[in-house]
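Number of protein chains: 4
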Amino acid sequence: MAGEHFEMLLDEDKPKEACGVFGIYAPGQDVARITYYGLYALQHRGQESAGIAVGDGEKITCRKGMGLVGEVFTEDTLRMLKGHIALGHVRYSTAAENTIENAQPHNFYYKQGMIALGHNGNLTNYAELRRKLADSGAVFQSTADSELMINLIVRAGTEDLASGILKTMEQLEGSYSLILITEKKMFGIRDPHGMRPLCLGRLGDGYILASESCALDTIGAEFIRDVKPGEVVMIDEDGVTALQPHRDCKRALCVFEFVYLARPDSVIDGLSVQQARYALGKELAREYPLDGDMVIPVPDSGTSSAFAYAMERGLPFREGLMKNRYVGRTFIRPVQVTRDLGVRLKLNPIREMIFGKRVIMVDDSIVRGTTSGKLVQMIREAGAKEVHLLVSSPPVTHSCYYGIDTSKNGELIAASHCIEEIREHIGADSLGYLSRSGLHAALAPFNPDILCDACFCGDYPIR
Amino acid sequence: MAGEHFEMLLDEDKPKEACGVFGIYAPGQDVARITYYGLYALQHRGQESAGIAVGDGEKITCRKGMGLVGEVFTEDTLRMLKGHIALGHVRYSTAAENTIENAQPHNFYYKQGMIALGHNGNLTNYAELRRKLADSGAVFQSTADSELMINLIVRAGTEDLASGILKTMEQLEGSYSLILITEKKMFGIRDPHGMRPLCLGRLGDGYILASESCALDTIGAEFIRDVKPGEVVMIDEDGVTALQPHRDCKRALCVFEFVYLARPDSVIDGLSVQQARYALGKELAREYPLDGDMVIPVPDSGTSSAFAYAMERGLPFREGLMKNRYVGRTFIRPVQVTRDLGVRLKLNPIREMIFGKRVIMVDDSIVRGTTSGKLVQMIREAGAKEVHLLVSSPPVTHSCYYGIDTSKNGELIAASHCIEEIREHIGADSLGYLSRSGLHAALAPFNPDILCDACFCGDYPIR
Amino acid sequence: MAGEHFEMLLDEDKPKEACGVFGIYAPGQDVARITYYGLYALQHRGQESAGIAVGDGEKITCRKGMGLVGEVFTEDTLRMLKGHIALGHVRYSTAAENTIENAQPHNFYYKQGMIALGHNGNLTNYAELRRKLADSGAVFQSTADSELMINLIVRAGTEDLASGILKTMEQLEGSYSLILITEKKMFGIRDPHGMRPLCLGRLGDGYILASESCALDTIGAEFIRDVKPGEVVMIDEDGVTALQPHRDCKRALCVFEFVYLARPDSVIDGLSVQQARYALGKELAREYPLDGDMVIPVPDSGTSSAFAYAMERGLPFREGLMKNRYVGRTFIRPVQVTRDLGVRLKLNPIREMIFGKRVIMVDDSIVRGTTSGKLVQMIREAGAKEVHLLVSSPPVTHSCYYGIDTSKNGELIAASHCIEEIREHIGADSLGYLSRSGLHAALAPFNPDILCDACFCGDYPIR
Amino acid sequence: MAGEHFEMLLDEDKPKEACGVFGIYAPGQDVARITYYGLYALQHRGQESAGIAVGDGEKITCRKGMGLVGEVFTEDTLRMLKGHIALGHVRYSTAAENTIENAQPHNFYYKQGMIALGHNGNLTNYAELRRKLADSGAVFQSTADSELMINLIVRAGTEDLASGILKTMEQLEGSYSLILITEKKMFGIRDPHGMRPLCLGRLGDGYILASESCALDTIGAEFIRDVKPGEVVMIDEDGVTALQPHRDCKRALCVFEFVYLARPDSVIDGLSVQQARYALGKELAREYPLDGDMVIPVPDSGTSSAFAYAMERGLPFREGLMKNRYVGRTFIRPVQVTRDLGVRLKLNPIREMIFGKRVIMVDDSIVRGTTSGKLVQMIREAGAKEVHLLVSSPPVTHSCYYGIDTSKNGELIAASHCIEEIREHIGADSLGYLSRSGLHAALAPFNPDILCDACFCGDYPIR
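In order, the protein sequences belong to chains A, B, C and D.
Take the UniProt record's numbering: the last position of the first sequence gets the number 463, and nothing is skipped along the way.
Take the UniProt record's numbering: the last position of the second sequence gets the number 463, and nothing is skipped along the way.
Take the UniProt record's numbering: the last position of the third sequence gets the number 463, and nothing is skipped along the way.
Take the UniProt record's numbering: the last position of the fourth sequence gets the number 463, and nothing is skipped along the way.
Please keep in mind that the hints were generated in silico from the structure rather than gathered at the bench.
Take every hint as true, because none was put in to throw you off.
Where chains are identical, the list cannot tell them apart; a pair therefore holds if satisfied intra-copy or between any two copies.
Calculated cross-link-like contacts (lysine to any residue; reagent style SDA-like; alpha-carbon spacing at most 20 Å):
hint, residue 1, residue 2
1, Lys111, Arg131
2, Lys323, Gln43
3, Lys228, Gly270
4, Lys282, Pro316
I would like the entire structure built from these sequences, with the hints used as guidance.
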C-alpha cells in the first residue's frame, strides 16, 4: 500500500486509513499540551483533521480543524483548553465525508452535562442503526460513526454512562477503538474483536489512552497494557476501573497495522511492529530466494522488510529510490507538464546505484498496481538490467469493511487478475507476493490466530 | 550535523545551511510551474523562504514568501507568473536576517530594464564591498548578498551585462553559485573555487540551471554538465554561451555537500552523493572495526554510512530510532512539559530492537554535541548494554565562512575538547570520528583535492 | 443605543442585537450568489457569523464561518453551493455563545433527508424545552435556539414537515422569524406576536424571504407582503402556500426595529423605518422645544431624528461629530494609552462648528449611559457653551427577553435612576427623553398597538 | 468624485487618491501604538497598504502589508515595534503599481545607518530623476517616489542629512508631503507649493506630524501649526527646528482636499473642511436656486453641501439614498446577476421618501459620469417626478499630475462634453455645476489664491 500511497496522493484518491485517538486524565498537568504532543506521535494515522476536547470538571471545551496537528493548533488555542481531562483525535475519513462536521472529537450536550468522543474504526451496521435512531426522531449533523454512537449511548437511557456504553456495545458491529470523556471522567473502549489497537499508560499520577504505544513513549509515559478486546476502562479520581462485558469473540486485530499502518516503534498486543516487518522480509526471502545485484526498498514502509530480505539473502541492500519528504497536502498537481512527473517528484531513482544492475525491489503491499508499474519503468529507465518486485504481504483480494480503505473490489488488481497478469501489467521481470501461510509463519510468535486477514482471503470475522 | 538538526529546530537555533537555485530558459513551456517542481526537489537546501521570478521579454514578475514552496505558491500565483524565463530560490539565511526583505529572488529595475538574482553561498568580503558602495551613495533594503551583487553588476558600468558580471566577479570573495535573469536572458555563475554546486541540463528545447542534479531528474530534464568553477554561462535565443574568466584558482567544493547537505540522488562534480556516503561508512569500518550486536543510524542523513559500516563489518543493521516526519516549522515547542520531550518527539528508540544489545550508532557529523548526548542516553534507557558512537566525518574544529553555519568557534565542541572529553560529555562507551585521511581516501575516486575541508583543519581556500 | 454602540465595541461588551435571515426559492438562478448579496443588505443585523445553505433537490450543502459576509465567502465557496433553494443567515449572538457551533444555518440529517434552519429571535422557554428533549435522549451540539427547534419539528413525528412545524409552534414561546429549507422546499415562519420582521418578495419566477425589505431592493426583487404573525408560508414548485395556525395573539413588533435596529430604507409591517425616525424627531421637538445654536446628531442612527428635530424647530442642523468608519472588529483596543482615546477614535467633534455654541445633541436611545457622558464631555471640551441631550425614545427601564440585548436590568441606567440623576451623571445642561405617549403619537399612522415596548414599561406581551 | 467612488470600487477601477502620513517623536511613549491609532484617523486617505517603521536610536524596524490598518497590524506586530520615533503610512497607489514593494514606509540602509520615508504626493519629474540615477548605476526595487527620494537624499553626498534633504528639494518637482525618520531623528517636509497638507502637533513632551489635523484630535494631541510650504522641520532631542529653503513659490493647495478628500473634522492651512463644504453648498444655492420638494445628498461626501444647499434654499433635506457600509474590498462583484445590482448594493433609494417628489440630488463632484447616470435612473424608478443633479464643484476638465487620479483626460466626461451633453447622458432633468468663481467666492475666507484648481481650468502651478 505504501507504493500506492504517493500515487493516490497525487491523484487525490487518498488512502482512507485509520484514525488516531489519544486521551489523558491527569489533574494538575497541562493535558491539552500533552495531547498535542501525543497527536504528533499519531499523525501518521490521519492527516485530514485534528481536534482536542478538554474537560475541567464543569464543562468540555473543544477546538478542531482541517489539516495537520501543527496547522490546527497554536499556543493560543492550547491556552484556551484548560482542564484535567483531554481527548485528542487525528482523522482519515473512512465512511464519512471529508468536512469539518465530521472532524473529531464530537462534542455534545446531553441531559447530564457534556460528552466528547473520538473514534478509530468503522461500524458495519451504521446505516441500520442510524435509520432506527432517525425513525425515533433523532437528527444528525454529520455522517460520522461517533455522532451515532453518542446518540446510542445517551439514549441507552440508564443514569450511569458506563452502563449506557455497555448496552450500546451490544448493538455495535464492526471495529471501534474509542475514547470518551465527560467533564469528569475518561472511558477507553475497544471492540470485542480487538480490530483496532488501544493501549493504556501512566504519566506521573495520571493515565493515558492511545492508539499506539509510540504516543506513550513520545510524551514520556509508561506503557501499562493494551486495552483488551471488548473491554471498557473507566478512569477517574478512583484510578482505572476495568469493565469487561464478557462477550466471547473471535479476535481479529487488523494485519495491516503490522504490514503498513502502525509506526515501527509501536508494540501492539505484544508484537513489535518493526520486528514483525523484519520477520515478513525474512520469510519473503525463504519463499523467493532470488539472485540479484542489490535489494532496494520502496520507501518508507517497504524499507524494513526489504532490509530483512537482503540480510537473509546475503545481498547488498541499497537505497535506490530517493523520497522527497516535502511533497504534501498543499502540493499543486502537475497537470500541464508530463504525467510521469507525478511519480518522479515523490521518488527519484539513484542512477549511479542502479545502472547495469539486477535489481530486487521490495514493497509492503500492492493495492491497485498503478504505481508499482511506474516505479518498475523508472528503474528500468535508470539502467537496471533486471527488475524483480517482491511484496511482503499476500495479494489483496477482498475489500475491508473495518476502517481500512483497500479500495472497492473492482479496483483491487489482485481481485481480478492472477499473479502472472499482474506481473505483465507492472512490467517486472518477476513478481512474488508473500504467501498467506508465510505471513502467518512470520507472525507466529504473535499467534496469528488473533489477526484479521480478511483482505487476503475474504474470511471476515463479522458479517 | 543531522544529529544536531532536530535539536536546533526545537531550540529555534536553526542550522543556517545552503540555499537552492533553479533557473529555466524555455520559450513555450510553463516555466513558473516547472520551477515550482524544481524547487520542490531542492527544498532540503532551504525552508525559510521561497520565490520565483519570471521574465517574459518585457518585464520580470516576482512572487515570494516565507515558508515552504508548497505554502508560498498556489495555482493563482503560478498563473500570474507568465513568461519564458524563470528563476526560483529556496533560502536558508546565512549571514543575513530572517525577514521577507531577504527572501530571494531579489528583483530590481536598473537603467536597461529589470534584473532578478538568486544566490547560494556567502561573500566573505560583503562588509567591505557594501561599505564602498554605501560611501558612493548606494542604499540597501536588505542585508542579502544578492542585493549587493546586483548593485555591483549594475555599477560595473558596462553596457553589456555579461561584462558587468565578469568585472564584478573580480571583486567578489567567498562562495557563490548564482542564477541571474533579465527580461530576456538567463545567466548561471559559479565562483572560481567552485565552492557551491551548479549544474546545467536540457528540457526539450529549453535549458535548466540547478543547484543539484536531483532537480533535473525530478522535472524530467537531461543532465548536460556541471557549470565549471569561475564560469559564466549565458542562455538566450542563441542557446548556451560559456564565458570563462580564466582565473587560476584552487578548487574548493564544500565537503559537507557529500557528508550531509546534498540529496543522495544528486551527482556533484562527478561524484554521486549516495556513493560518497557509502564510501565514508566503509572507511569508518576500516578505521573502527568495532564489535557489537547491531549498527543503528541517526536518521536520515546518517543512514547511508551506517548501512555501509554494517555491511563492511558484517554486522546487523537495524533501524533503532524512529523519526517523526511531522515535526516541522509550526511545531509548538515543549516549554512547560519536560525538556527531554523535545528529543523524543523527533526520534524514538525502538526498545524491542535495542534491549540488552551492544549498539553501534552512526551519525554523519557532530557540531555542538548536545543532541548526541541525549540520543546516547535515550538508547541506554531503552536497555542497550553498550552504546558506541561513530561519526562518518572528522571533528568540526573550525567555523565555515562560505555559507554553512557550523556555528561559531566557541560552540563547536571539537574546537575546544579532545575526543575523550567529547566522549565523556556525550556519555558513549566509545567515540570515533573518521580521520581526515580516511575522508580523503574514501573520496579518492573523486579527487579530494578539489574539496574544501577547512572546517576540519582550518585550511581556508581564501582568506 | 447607537450612542452606546461604539463604546461597547471598544469594551468588547458587544451589543447582542437581532439576526438577519434571507431565503430564496428560484430554480435556474444562482441562488447562493443572490443570497450572498441579500446578506450584505442585512449585515447590520449581525456581524458575528455568516452562513449559506443550499438545497439542490437531493441534498443540502452548507458553508459558514465567523465574521462578515465578505470575509466568510469567496468565489470558490459560492461556486460550491449549487442548487435552487438557498438560506442565508447573519448572526449576533443572543442567548447562545459566540462559537462556530452556534453559527447558522444549522444543517441536519433527519429520517426523511436533510433540513437547514436560520433563526432571528429568542425563545423564552428554551431551557424548559431543551430539558424535556434531553430527558428523552436528545443530544445537542450547540446552545442555539435553531438546533432545538429542528429537534422539535423532527420529533413532532408527523410525516409531513409542515404539520411538524405547526405542532412545534404550539410549544414555542418568545420571538422567532425563521426560514427553513429542505432539499426541495422553503418555509418562512413568523411567531404569533410578530415580534421580528419577515417579508416575502418575488424575483423573476422565484420567491424571496427576508428579515427586511431592503434586502429585496438590493437584489432587485419586488416586495409582495410581510409574512403575517403566526403564519407559515411554504414555497415549492406549486408557488407560495400560506398556512395560518389561527392563534389569536396580541401583536408585538419590537419598537426598537424603528428606533435603532432596522435599516432606514426598509419598510416593516407597513411603516417606513426612515419615516418613523423622522416622526420621532418631530415629536421630540414638540415635547422639548429647546433653543440652541445648532442641533447635532450622534451618528449614524441618531441622524434622522436629529434632523427632523432641527427642521421642526427651525434650528441649524450641523454634523458636529465625525465618525471614523474604519474602526471595526479587528481593532486593537487602546489599553496602554489614555482611556478616552476609545471614544475619540470613533467620534471626533468638529471644533470649528461647535466652539462657543449652545449645542442640542440628539441620540436615538441610552442604555447604560457611559458613552453619552463621554460625548457630552468631549463636546464641552471642544468649546460648546451649553450641551443639551435629547433622546428620541423613552428611558429603557426593563430588559428584553425577545432577542435584543438591552443589558441586564442592573446595567440599565434608567432602571435605577431618575432623569435628573442621569442628567447629572452624563453632565448635560439638560436631558430629555421622548415620552411613551409621544412615541405612540409619532408612530400613530402605523397603529402603535401592534408594537412591543416592554423595554420602556415592563408590559411584556408574553410571560 | 464621491459619486463615482463606489462605481469604481465595483469596477475595480479604484480611485487613486492621496496617501496619509503620520510621525511621532516621543521618548518614553508607545510610539508604534499611537501611530496605529493615528493611521486609523487617516485611513480615508488610503486603503491599499499600511505600514509603520520605528526607530529606537540604533536601528529602524518596519512592518507593512496590503490592506487596512486593522488588517495589517496585530498586538504581536505592534509589540515588536519598540522605539521612540515612529513613522506610519497608509497608501493609495498614484503613479506606482499596486504591490507590496510599493507599500510604505520605505526602509533603507545607507552609509550612516538606517532611514525610512513615507510620502504623500506625486513627483512630476519622477521619470527624469530616476533615469539620471539609473544612469549613474542606481538600482530600484519599486516604482515608488519614496524610493527615488531616498536615493536622491543619500546621494546628495553631504554628511548632514538635513542638507541632503534641502539639496534634494531643489531637484524635486510636483507635490510631496514627507515624513522621514532615522534611528534618532524625525523630519517633516512639505513641497514649496504646499500642494498636500501636513501639520505639526504636540503630545505630552513629544511631537507629532500628520497629513490631517483629525489625526491629532484622535490621539489627543494638540495642534501647533501647519508645516509651511517649502519648509523642513527637524525633530530630535533639541525639539523642533525649522529649516526653510527660501524658495518663492506660488502656493497651490489641492482644492479637492476641501471638495472631497479630507475628513470634515480636519482643518487645513486654516480652513475647516466641514465649513468649506457648507460654504460650497450655500454658494451652489445662490447659483442654482431650484424649486423642488426635497434635497437629497449622495452619501457620504455629498452630504455637507447638500445640507447647506437645503438650508439656504429653505427646502426639506432628506436622506433619500441609504448607503451600505459593509461593501468593501473583499466584496465579490456581481458578474452573473444583473449589472445594476452593483449600484443598488451600495446605495438604495428610500422609495417612501421619494415617490412622487421633485428631487434635487447634490453630489460633490463628477469624474466620469457613469455612476451619476445610474443614480438618477434609480431615483426615477423609485417614483421621483423630477430629478435635478447639482454638483458642488466645477466640471473636472483636466487631469491632475500631483497625486489625485482624476482619470485620464479621455475619461473625464467634462473634458469632451458640454454641460447639456452630460445632462443628457446622465438623464437628469437639469444639471448644474458650481462655477469656478462660485468656488472661489465660497472659499474666500481662506484666500483662494493659495489653492490649486488646475483640474477645473488647466492652469497648472508647475509645468
